[in-house]
Amino acid sequence: MPAISTFFGLETTLRGLMAQQGALDVTSHNIANANTIGYSRQQAVFTSSDPLQVTDGARLSTLASMGTGVDIQSYSRVRDQFLDAQYRGQNMVLGQQSTTSDSLNQIEAALQEPSSSGLSAQLAKFWSAWSNVAQDATSNAGRQSLVDQANTVVETLHSLDSQLTDAANQASAEYTSLTQPGGDIDQSLQQIASLNKAIQTAVSSGDHPNDLMDKRDQLLDKLSELGQVSVTDLGDGSIQVNFGDAATPVVSGATVTWPQTLNNAGPPPTTSGGKLQALNDIFKTGGTVDSLRADLNGVASALATSVNAIHNTGGPTGVDFFSVGAAGTEAASISVNVNYATVVASSATGTGDIAAQIANLRGGTADANYSTFVTRIGSMAQDATRKESTAQALVNSVDSSRQSNSGVSMDEEMTNMVKFQRAYQASARAMSTMDELLDILINRTGKVGL
Amino acid sequence: MSTRITQSMVSRNVLSDLQDVSNRLSQTQEKLSSGREITKPSDNPFGTSKALSLSNSLEATQQYERTVSDATAWTNLTETTLGSVSDAAQRARELLVQAGNDTNGTTSRSAIADEIDQLIDSIKGDANVKYGGQYIFSGANTTQAPYVVGGSPANDAYQGDTNGVFRTIGPGVSVQVNTIGSSVLGSGVPGDGGLISVLRGISQHLRSGTTADADTLRTTDLSSLDSAMDNLTSARAVNGATSNRLSSASDRLSQIEQSTTSLLSDTQDADMAKTMIDFSMQQTVYQSALRAGANIVQASLLDFLS
Numbered sequence: 001m002p003a004i005s006t007f008f009g010l011e012t013t014l015r016g017l018m019a020q021q022g023a024l025d026v027t028s029h030n031i032a033n034a035n036t037i038g039y040s041r042q043q044a045v046f047t048s049s050d051p052l053q054v055t056d057g058a059r060l061s062t063l064a065s066m067g068t069g070v071d072i073q074s075y076s077r078v079r080d081q082f083l084d085a086q087y088r089g090q091n092m093v094l095g096q097q098s099t100t101s102d103s104l105n106q107i108e109a110a111l112q113e114p115s116s117s118g119l120s121a122q123l124a125k126f127w128s129a130w131s132n133v134a135q136d137a138t139s140n141a142g143r144q145s146l147v148d149q150a151n152t153v154v155e156t157l158h159s160l161d162s163q164l165t166d167a168a169n170q171a172s173a174e175y176t177s178l179t180q181p182g183g184d185i186d187q188s189l190q191q192i193a194s195l196n197k198a199i200q201t202a203v204s205s206g207d208h209p210n211d212l213m214d215k216r217d218q219l220l221d222k223l224s225e226l227g228q229v230s231v232t233d234l235g236d237g238s239i240q241v242n243f244g245d246a247a248t249p250v251v252s253g254a255t256v257t258w259p260q261t262l263n264n265a266g267p268p269p270t271t272s273g274g275k276l277q278a279l280n281d282i283f284k285t286g287g288t289v290d291s292l293r294a295d296l297n298g299v300a301s302a303l304a305t306s307v308n309a310i311h312n313t314g315g316p317t318g319v320d321f322f323s324v325g326a327a328g329t330e331a332a333s334i335s336v337n338v339n340y341a342t343v344v345a346s347s348a349t350g351t352g353d354i355a356a357q358i359a360n361l362r363g364g365t366a367d368a369n370y371s372t373f374v375t376r377i378g379s380m381a382q383d384a385t386r387k388e389s390t391a392q393a394l395v396n397s398v399d400s401s402r403q404s405n406s407g408v409s410m411d412e413e414m415t416n417m418v419k420f421q422r423a424y425q426a427s428a429r430a431m432s433t434m435d436e437l438l439d440i441l442i443n444r445t446g447k448v449g450l
Numbered sequence: 001m002s003t004r005i006t007q008s009m010v011s012r013n014v015l016s017d018l019q020d021v022s023n024r025l026s027q028t029q030e031k032l033s034s035g036r037e038i039t040k041p042s043d044n045p046f047g048t049s050k051a052l053s054l055s056n057s058l059e060a061t062q063q064y065e066r067t068v069s070d071a072t073a074w075t076n077l078t079e080t081t082l083g084s085v086s087d088a089a090q091r092a093r094e095l096l097v098q099a100g101n102d103t104n105g106t107t108s109r110s111a112i113a114d115e116i117d118q119l120i121d122s123i124k125g126d127a128n129v130k131y132g133g134q135y136i137f138s139g140a141n142t143t144q145a146p147y148v149v150g151g152s153p154a155n156d157a158y159q160g161d162t163n164g165v166f167r168t169i170g171p172g173v174s175v176q177v178n179t180i181g182s183s184v185l186g187s188g189v190p191g192d193g194g195l196i197s198v199l200r201g202i203s204q205h206l207r208s209g210t211t212a213d214a215d216t217l218r219t220t221d222l223s224s225l226d227s228a229m230d231n232l233t234s235a236r237a238v239n240g241a242t243s244n245r246l247s248s249a250s251d252r253l254s255q256i257e258q259s260t261t262s263l264l265s266d267t268q269d270a271d272m273a274k275t276m277i278d279f280s281m282q283q284t285v286y287q288s289a290l291r292a293g294a295n296i297v298q299a300s301l302l303d304f305l306s
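Note that the protein sequences, when read in sequence, are chains A and B. Counting along the first sequence from 1, when you hit position 143 you're at 143 in the working numbering, and nothing is skipped either side. Counting along the second sequence from 1, when you hit position 145 you're at 145 in the working numbering, and nothing is skipped either side.
I should point out that these hints are in silico values taken from the structure, not numbers from a laboratory. Note that the structure is predicted; figures quoted are calculated from it, not measured. Among the hints, erroneous ones may be present.
As the list claims (entries may be wrong) - With a cut-off of at most 30 Å between alpha-carbon atoms, the simulated DSS-like pairs for lysine-lysine come out as follows: (1) B:Lys130 x A:Lys387; (2) B:Lys50 x A:Lys125; (3) A:Lys222 x A:Lys387; (4) B:Lys50 x A:Lys387; (5) B:Lys130 x B:Lys274; (6) A:Lys215 x A:Lys197; (7) A:Lys222 x A:Lys197; (8) B:Lys274 x A:Lys125; (9) A:Lys125 x A:Lys284.
Unchecked claim - Simulated coverage check for chain B against chain A, where a stretch passes if three residues somewhere in it have a Cβ under 8 Å from a Cβ of chain A: (10) 5-19; (11) 156-169; (12) 289-295.
As the list claims (entries may be wrong) - Residues from chain A shown here face chain B by an in silico Cβ test under 7 Å; the list is partial: (13) Ser252; (14) Ser347; (15) Thr351.
Don't be surprised by glycine CBs; every beta carbon is placed ideally from N, CA and C.
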């Protein structure tokens, strides 16, 4: 009969105790991080330890393999990289839509429509002021109030134009602050690179740096809101990150290549996507703000042209009522060219016919252009809000799947805790049993006739 | 494999549902407090454009109504003034008939002539009436009094012009509201057949005392005065017609205003009953969601382990 160590059983139970304790440690780590953003639950992976080959002393052939207990093979992270890719894709859409919708809502609020203080109401009052002048063409009071109302219309146009410009400037400033060296993107990339380095070192020494990987994934999630992120595993634990349509990978191992030029142009997949794309679409030449300003210029230009055309026909010299600057700056440059004394209300003394004709412009091109402008902004804002809520729902759904996979379930942890605790207790009991056996062997055996 | 439900999923779902409900609640609340169905263009872009055009036509209608009321006041004042001129002309005719009687001596004819001169001044004074700072009988030259009151026959000349004063009372509809002084009372030039020059002629004929002039008083002057008074009557008739037209325009405009207001209200105002019901339903949903959330988030196996 081959020899097995007397203390063999003690070793086996000790392994059991240590493994269960390790699993309990993981459980408590999970519980502690139940509310940590970006944390993935971990598992202690048990495997039975290498068996003891029991041999026949004389012939050296294996008689049996004897179990030696349990080992913790690794601490694994429960994470599905395909869900991560889906999440980042949706998060990019959400970042783009929510930025667009925020910006349009801001522009929309500046319109103050429909209300009694918006440009539409101001124009209505302007036409009424002309009608009042038509009734009493020689009254200075009527003329003065016409000029005042015209100035209000002009100021409202100026203010709308500058609010649009502000929206573009804000978008541009935010874009710059995100992309500049030392900005949000740069910082995230630097952190990803240094995590890459740390993870690579840990992996090469056979470790599983689960928590560092969680941190890196969280940074990638954050980055995905700003633009399209694609990740390539480099095999040594570190990753390569491509961002937007940047030519070179922004992170490769421990190397960061940033800032880079983003074109933000063209349909996917050549676009940067995300918040950066949305911001760029707002402020770029020919972008949202530019096209809205062109519409507003159309309103100002229609107003000036239609009023001037009639105003010019009266009076000795033919004076413009409104003066406007170069094409493309009408809304910003429109001003009232006359004062109460030089307003032309009649072609002959006192008839007020010119004023009456101008009053008849109510509901004409200027009003129609403005109404189209407001409807356009309204539709754009409505569309962006709808897309934002769709994107939000999709992000929530993907995130739910992710949480379902990687999140910490208290019920599960509690069950595991009970399970490992019981296993620990049982291992301890097995050790006591071994102890009793040894007690009999050591203390009681061979004592004869005492 | 059945879905694994984790605590963070539950709390996230509860939170996002709560946010959703409270978002809707706040939108309904905004509708309630503003009384508006459309508080910003994106609530309903096409409704907004409809509301803008309706409120523009409402403002236009109200402006037309103000114009009509102003024009009505103008024609009413014209009518009152012409009535008073008419009374003065009637008195002059009575005096003329009385003076035509040869039993009246030179002295009494001269006294009658004095009274007729007074009547001329009173008629000119009436014609110089102003509405809102504008002389209503001066044509379009409303800053100029149509006649100079007092003094000699040389001051009888009409000072205004013959242009019409028009009021726009609807899209593309305008009416002349003024009555030209010279067409009713004459240009003040002897022989134009106008009331003032006829009366001035009568006064001269009364004073001259010749037989021929006395005959003229009975014949030509009387018929001239009658024709001037006919002219006055027809001017009053025209003015009355304008006044009627304004009054029917006013009725029509107030109907349009009413229907536009109700259309606008349908478009942009919140249906309070419906919004209130929505609000209380959403409130109930919100409260149940809160209660359910509180219960779901609390429970775990932890509560049952000793």
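Each hint, compared with the structure:
1. B:Lys130 x A:Lys387: Answer violated: Lys130 (chain B) to Lys387 (chain A) is near 64 Å, above 30 Å.
2. B:Lys50 x A:Lys125: Holds, at roughly 18 Å.
3. A:Lys222 x A:Lys387: Measuring from Cα to Cα gives roughly 20 Å; hence the hint holds.
4. B:Lys50 x A:Lys387: Since the Cα atoms of Lys50 (chain B) and Lys387 (chain A) sit roughly 25 Å apart, the hinted pair holds (cutoff 30 Å).
5. B:Lys130 x B:Lys274: 54 Å, violated
6. A:Lys215 x A:Lys197: At roughly 13 Å apart (the allowed maximum being 30 Å), Lys197 (chain A) and Lys215 (chain A) satisfy the hint.
7. A:Lys222 x A:Lys197: Cα-Cα ~20 Å, so holds.
8. B:Lys274 x A:Lys125: 33 Å, violated
9. A:Lys125 x A:Lys284: Violated, at roughly 36 Å.
10. 5-19: holds (count 8)
11. 156-169: holds (count 7)
12. 289-295: Check failed, 0 qualifying residues.
13. Ser252: 33 Å, violated
14. Ser347: 10 Å, violated
15. Thr351: 4 Å, holds
Going down the numbered hints, you'll see the structure goes against 1, 5, 8, 9, 12, 13 and 14, while the others check out.
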